[in-house]
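**Q** Listed here are the chains, written in short residue letters.
Number of protein chains: 4
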Amino acid sequence: MKSCKKIVLAYSGGLDTTTAIPWLKEQTGAEIVALAIDVGQADNFEEALKRALHAGVVQAEVLDAKEEYAQDFLLPAIQANALYEGVYPLLSALSRPLIVEKLVQAAAQIGADAVAHGCTGKGNDQLRFELSLAALAPHLTVLAPARHWGMTREDAFAYAQGKGLNLALKPGTLYSIDENLWGRAIECGPLEDPWTEPPADAFALTAEAAQAPDAAVELTIDFEQGVPTALNGTPMPPLDLIAEVSVCAGAHGVGRIDHMENRTVGIKSREVYECPAGVALIQAHKALESLVLTKDEARFKAQVETRWAELVYEGKWHAPLKQSLDAFISATQATVTGSVRLKLYKGTLQVVGRRSPYALYDTNLTTYGDGDTFDHTAADGYLKLAAMELATLARVHAGQSALTQETHDDRTVVAQPVS
Amino acid sequence: MKSCKKIVLAYSGGLDTTTAIPWLKEQTGAEIVALAIDVGQADNFEEALKRALHAGVVQAEVLDAKEEYAQDFLLPAIQANALYEGVYPLLSALSRPLIVEKLVQAAAQIGADAVAHGCTGKGNDQLRFELSLAALAPHLTVLAPARHWGMTREDAFAYAQGKGLNLALKPGTLYSIDENLWGRAIECGPLEDPWTEPPADAFALTAEAAQAPDAAVELTIDFEQGVPTALNGTPMPPLDLIAEVSVCAGAHGVGRIDHMENRTVGIKSREVYECPAGVALIQAHKALESLVLTKDEARFKAQVETRWAELVYEGKWHAPLKQSLDAFISATQATVTGSVRLKLYKGTLQVVGRRSPYALYDTNLTTYGDGDTFDHTAADGYLKLAAMELATLARVHAGQSALTQETHDDRTVVAQPVS
Amino acid sequence: MKSCKKIVLAYSGGLDTTTAIPWLKEQTGAEIVALAIDVGQADNFEEALKRALHAGVVQAEVLDAKEEYAQDFLLPAIQANALYEGVYPLLSALSRPLIVEKLVQAAAQIGADAVAHGCTGKGNDQLRFELSLAALAPHLTVLAPARHWGMTREDAFAYAQGKGLNLALKPGTLYSIDENLWGRAIECGPLEDPWTEPPADAFALTAEAAQAPDAAVELTIDFEQGVPTALNGTPMPPLDLIAEVSVCAGAHGVGRIDHMENRTVGIKSREVYECPAGVALIQAHKALESLVLTKDEARFKAQVETRWAELVYEGKWHAPLKQSLDAFISATQATVTGSVRLKLYKGTLQVVGRRSPYALYDTNLTTYGDGDTFDHTAADGYLKLAAMELATLARVHAGQSALTQETHDDRTVVAQPVS
Amino acid sequence: MKSCKKIVLAYSGGLDTTTAIPWLKEQTGAEIVALAIDVGQADNFEEALKRALHAGVVQAEVLDAKEEYAQDFLLPAIQANALYEGVYPLLSALSRPLIVEKLVQAAAQIGADAVAHGCTGKGNDQLRFELSLAALAPHLTVLAPARHWGMTREDAFAYAQGKGLNLALKPGTLYSIDENLWGRAIECGPLEDPWTEPPADAFALTAEAAQAPDAAVELTIDFEQGVPTALNGTPMPPLDLIAEVSVCAGAHGVGRIDHMENRTVGIKSREVYECPAGVALIQAHKALESLVLTKDEARFKAQVETRWAELVYEGKWHAPLKQSLDAFISATQATVTGSVRLKLYKGTLQVVGRRSPYALYDTNLTTYGDGDTFDHTAADGYLKLAAMELATLARVHAGQSALTQETHDDRTVVAQPVS
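Protein chains in written order, with my numbering: chain A, 1 to 419; chain B, 1 to 419; chain C, 1 to 419; chain D, 1 to 419.
Quick caveat, the hints were computed from the structure, so don't treat them as lab data.
Here the structure is a predicted model, which is why all the values come from computation and not from measurement.
There's no promise every hint is true.
Derived lysine to aspartate or glutamate pairs resembling EDC-like cross-links, with alpha carbons at most 16 Å apart [unchecked claim]:
1) K343(A) - D64(B)
2) K343(B) - E208(A)
3) K295(C) - E310(A)
Next comes chain A alone, as it looks inside the complex:
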């Protein structure tokens, strides 16, 4: 264990970070300050701070970062339509770099020379902590007790009891949970079998579809430059808007995700999420973009979005590429202004309307009815040039090959069984 004098511990109130307090004191002799960051999780912070103090920290603080989280992390995620592997709204991945920023600021303020986190060695969160720490504060010593103590969860519990720690474990908890304003991530227990449906008790923010209200509800979201600014016509700040959408979409069973995920550390895991606000707002934002972005922008932004989500997933929020992708994304949002109608019903989410002063959709160009202004004969020239290369190719090959009858088999390749 590296030596240090004063440690800021990213404190969650759970088994691992509470257990880490006496363990780190034993291993390092350092003073420990527990810092809990409120990013919207449904925790009793007062109780948590008491547990930390009881476990031996010299100071325990909670910091309300919800507004900053909404403004500086969730809004960019909406603009990036951020879904890792096309499905995961990055809810844990988005909160960690903010927590690191707060740890680094706290370390500077109180003169700590080390920071500690409770991540294990097989997850992604260790990357999110340690890559952001490398980027922001390479001078700080980083301690990862849960990666080094070599205790199973049962060992840790026994150790904690031996130390007389005040733990808040609910008996029979099967799941490992991470939660914030964006939603909940649920792992472990029965979810480890990917052939089994997630049990109903895994979920807390979203209704079972069959239990959701029998009447559909419709939400209208207004956006300005890619930022949601009003819900059903009422302007509200990002934090409030996200929280309201979360409650409403969750009540209608929207936002459940069940995914086999490729972790950065080289393993697959079955991950279950409920992310009602993220799913609803990203879908609304995409729908508005489909009305105002050019085809070229839409295609390239999709690639940028994929890369953005990968970087954030891998812990590279503070990396230069992430920041350059942000510049691209910001530039595309100038015209993403308008409104989207969402319909929610028993687990379904449908975009049923979208409009914008910057819509590139022109009914007169599209209609087949009266008012058609499209020049149909222009297509003759267009097609002539569009088909020229394939026609040249066909003529070139005509010397070598007669027209095949079964043309779609040409040059195809059939997968062989793994022998």
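Since the structure of chain A is provided, determine the placement of chains B, C and D on it from the hints.
**A** Showing chains B, C and D alone in chain A's frame:
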């Protein structure tokens, strides 16, 4: 109008292609053969052929291509998880190159020197016809009467009536429909306003969510090398399996799509689809791939899929790049063998289980419980190298800059309103 | 021909745009103003304006846009390492959007309702004119006489002589040339045979390698945020620096390019360029980037560069995606500050040194000698995780397959001859 | 150190692998078999095997894998135009997976339970060994003595002398060299300063440009389906052709590369290569592809090539994605048949001609002279559609904004200095 002696007309039985018969005869003096291709649309082909003969063709034929369509066009689309712009299952785009193959074969058999289609100048289908024709039969003259006759839909109707044509128009039809085994595309009428929800009468294959059964249903799809081979344990050929999934998913309200689409010809259009089989089978196939493909394969295949869908959308089924992408996709399917459980309920579609003999998921690596075989300390070395570049970067910049307090604003760029 | 009253003609002084003057007057009856834009071509503008006036324009002007061209078009091209298809420095493509900006400004100033250009129907320049015009001034009528008059080059010459035009054709000119500060593009004549080496007389800016000086020369280029700011230690503005590098690199035979190019309009053409400044400055800029960008940035920027070059090639300088890519590129240039040593000798260009205060290269991490600070054992953990997926895959497949002896044939596919 | 009984050591004959022999025996007590693989390096294998036996192996063998290397590794690299970061022809990266295949086969034949390699912890080669080993033989123990013994190069030398080893170190050797049929990689010593030009004595295969012959030479390479099959009209097998091109290009100074490279392990290093055959054959292959591939193929293949090179660089030759990319590449090579003329002179390499029976180049479409068959007026329709989106965009924005005078500044972003 180019001169020609004998024309094979891709005949749909509708207004445009029926009207084209006398019009083409007048313009070219050529004999016309009407060829209807059955790709699974719910048409009365007997009546259609009668209409064509009545309108003046010398021969009218229907060709059952449903099996070929399922086998050679829809299976590759499943393996490619083919969704244009992430949502459109390409249902019209997939049928056109098959129709062109049949036209070209028919032209060769009957000695025709021209082919004709009923596409207008503003849609994508003209590209799908004419690019495949350029690739397969650059020697044939291509006639596109609906692009050249300069008649509105009303004009065409009047012209047809003047010719005494036998039309099968249902009064009050608001929509323009294209249909085949993969689903239905619905355009025009009230759908031209993107702010308005599609009316219930636009749909024929999918139930309204609220009207769907109150009990969820579960389907199990077995795949072998990326090909769905059995439904609920019963092996069946592709055509039957797709048809059964279509009926079941449609009955549960699954498969409706409402999309602002970027057409190839430079305009946006609002497109509504119902594609129950496509949506269900692609989602199942994706879920199985997420269990067996490596992370590298999954990421790159996603790019290949995007490009594959664009090419097919743009009419390049018979282009060399499409065929080379097929080779890539086929190679990735060697281990896409296993089963997927789908749950359908009032418009929702959830993957609730997936398994495979080739699953790269290993519970012992993932679990936090007993049996954890993951070497947590290996992460130390991993993180050290993974973070090295960012730490180097931070140290290099340390000479130039103090640690910023508000680090996430670093180098970001804010979109400006369009002035 | 569309009707109009006053036309601004982008005037080059050559056969096509001079001939266009009487032809446009005859066809439209409009007044014509000739506008020549000086982007660094070696033209006698005074003579050119006389020719235009003699041909019948009401006004003829030359506008010096060289500094603007260097600053606003060539610097971004350097930052984008802009090479279409990896080789073509876009020299014609970069000048056209600037010319269009000047045309549009002139049209506004003099109250013209139309603009005209001399591009033919098979090249790329028509796209660059007309797409920028669509973006900047969709209200202006665009006239493209050379696409419509249906004259061969010989016809045009005869027509011009019939009109008594004062042409400046050098007898025996084999080539079609476009030139500006960035270099020269050479087409036609003997170059149309791609199996034949370009004759020596095709080149004007670059020495034949064998004729270049026997002594190598070294240039040092300083960059600040991706912008070249000094040559051999002497600060100079972009226009002067580019001009000096052009002369020096050209004298040493650097910058010749011989390329089979995919035009936007669906044909291939053999294009020969000499672009000494572009080749030298882009290579220097790349070398500096390789020292300061992170691996992630370098990889993604390469994709952005490819797309940037395609867009500019295709005439989309003023398209939104191009502008959003600019935002990305600008963000990456913050640390591209430092110096690069180039060695030029008889057609070769070598980067022989690069340095930067932001270099991410750290000798102590790289060296195998004294001072090695790299933690070699960290690689153990890194490799364990890096190899985990492939090891899992191998174990999973072990049940199905013995270790193959000829493992590199596994799942490969052999190209078949075109039958 | 993991326990094992019999080790196959990948033996190079150099300091590290010779020193590893007594060190591994001490650490493991296992029998060691030294296996040297001849992939074209200019080594005295007889002497090397004697050194290994003297150092204590029970068996020492050399295996001639040159033909296999040329056929199964270098030909695919040519077809993939394989250049990591656009410049490095992967010469070390290509040989390692072949060496691993031979190690694994040898281990199976002699019943070894472990393999060993001499790679350090900061290079890429350890990845190439250990990822291929994970893919092919996850049951084998892998030993990496140079990563674990904690000796500097000086320590290792002293240890070797203490053991009385017979080393073949040339006094004053400054460089670390890896060599095979594809070329030479040179590291260390004066090359560690990226501001300094590589000294002349770093090179062995390529002439200094100024020392190269005064007369240019021309080579004609014939390809069949992407494979070079004849040199100057003489058919020859891949091994012979590559070796002859290497000698000729090297003699003319072609193939030197000086690169700041992003290693996989998170550091940059300055790498100098000489790879005359690789540089010449890849450039010739690219030139032929530019004549026969469609634009779509060319653009997408460039992305595949980049990924292929990254995967091989990172040690993933035996990974599924690499094999699926091979399937794509093979499919593209069906028409890459024809000839390319290369001109070599004092360090320059120019493609001066290319031809193919499958050339998509059509002089009649391209020419501006007699015989022009291109329909210039088709461009009218093409441009109308190509410009429609930008014109729509401009009209939509016209309500919000007057035509800007300085349009190219619209939405651009300026990089800020790192503060």
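**Q** For every hint, state whether the structure bears it out.
**A** Hint check:
1. For the hint linking K343(A) to D64(B), the alpha-carbon distance of about 40 Å lies beyond 16 Å, and the restraint is violated.
2. For the proposed pair K343(B) and E208(A), the alpha carbon gap of about 13 Å is at most 16 Å, so the pair holds.
3. A distance of roughly 15 Å separates the Cα atoms of K295(C) and E310(A); the hinted pair therefore holds under the 16 Å criterion.
Hint 1 from the list above is the single one not met by this structure.
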